[in-house]
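Using UniProt numbering, read the sequence shown as starting at 1 and increasing by one per residue.
Keep in mind the hints are simulated off the structure, nothing from the lab. For every residue, glycine included, the Cβ atom is placed at its ideal position computed from N, Cα and C. Hints may be right or wrong, so weigh each one.
[What the hints assert, rightly or not] Taking lysine-lysine pairs in the DSSO-like style, the calculated list, with each CA pair at most 27 Å apart, reads:
1. LYS141 <-> LYS45
2. LYS7 <-> LYS141
3. LYS7 <-> LYS53
4. LYS118 <-> LYS45
5. LYS141 <-> LYS87
6. LYS53 <-> LYS141
7. LYS141 <-> LYS50
8. LYS7 <-> LYS87
9. LYS53 <-> LYS87
10. LYS115 <-> LYS45
11. LYS50 <-> LYS118
[Said to hold, decoys possible] Using C-beta positions, here's what the derived DEER-type ranges look like:
12. PHE3 <-> ARG121: 31 to 41 Å
13. THR2 <-> GLY117: 43 to 53 Å
14. GLU36 <-> ILE61: 21 to 31 Å
15. MET1 <-> LYS115: 25 to 35 Å
16. ALA86 <-> LYS7: 14 to 24 Å
17. ILE55 <-> THR2: 19 to 29 Å
18. ALA86 <-> PHE40: 36 to 46 Å
19. PHE22 <-> LEU71: 19 to 29 Å
20. LYS7 <-> TYR57: 38 to 48 Å
21. LEU78 <-> ILE136: 17 to 27 Å
22. PHE114 <-> LEU78: 36 to 46 Å
23. TYR57 <-> VAL138: 22 to 32 Å
24. VAL43 <-> ILE8: 18 to 28 Å
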Amino acid sequence: MTFYYVKIFHIISFVSWMAMLFYLPRLFVYHAEHIENSGFVEVVKIQEEKLYKFIGYPALIATFVSGIWLLVLEPSFLTSGGWLHAKILLVVLLVAYHYSLYRYMVAFRENRCFKSGKFFRAYNEVPTIVLIIITILVILKPF
């Protein structure tokens, strides 16, 4: 029964983390496109910081810890096929993406990010594509 509670917690943590990965680049779009409006930019900077620190980072840690916990509870997953290894690789990619968002957030905070809103619209598609692939791997276990 513990396994299912941990799995529920893992899914909720992952959904929370993904929410941040989807929304923070959207805030960057607004930030980049309204850079000349200092009042607006100051509000967006606060939103970016709070979203990252109070939702994104804790959700990343909770996702990671609960994922490891699931493997401890059910170590046979590691030998159940290559799907899990592919999923873990994609999660590593999401962690790198997560920290790249932090770098952009710091650059915006220090007024040295000159990427366009168009760039961040495209960059915002990365977690969507990864989520689709992870979902396919987890549900279908194709290999």
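Open item on the list: Which constraints among the numbered hints does this structure fail? Numbers only, ascending.
Closed with: Per hint list: 1, 6, 7, 14, 15, 20, 24 violated.
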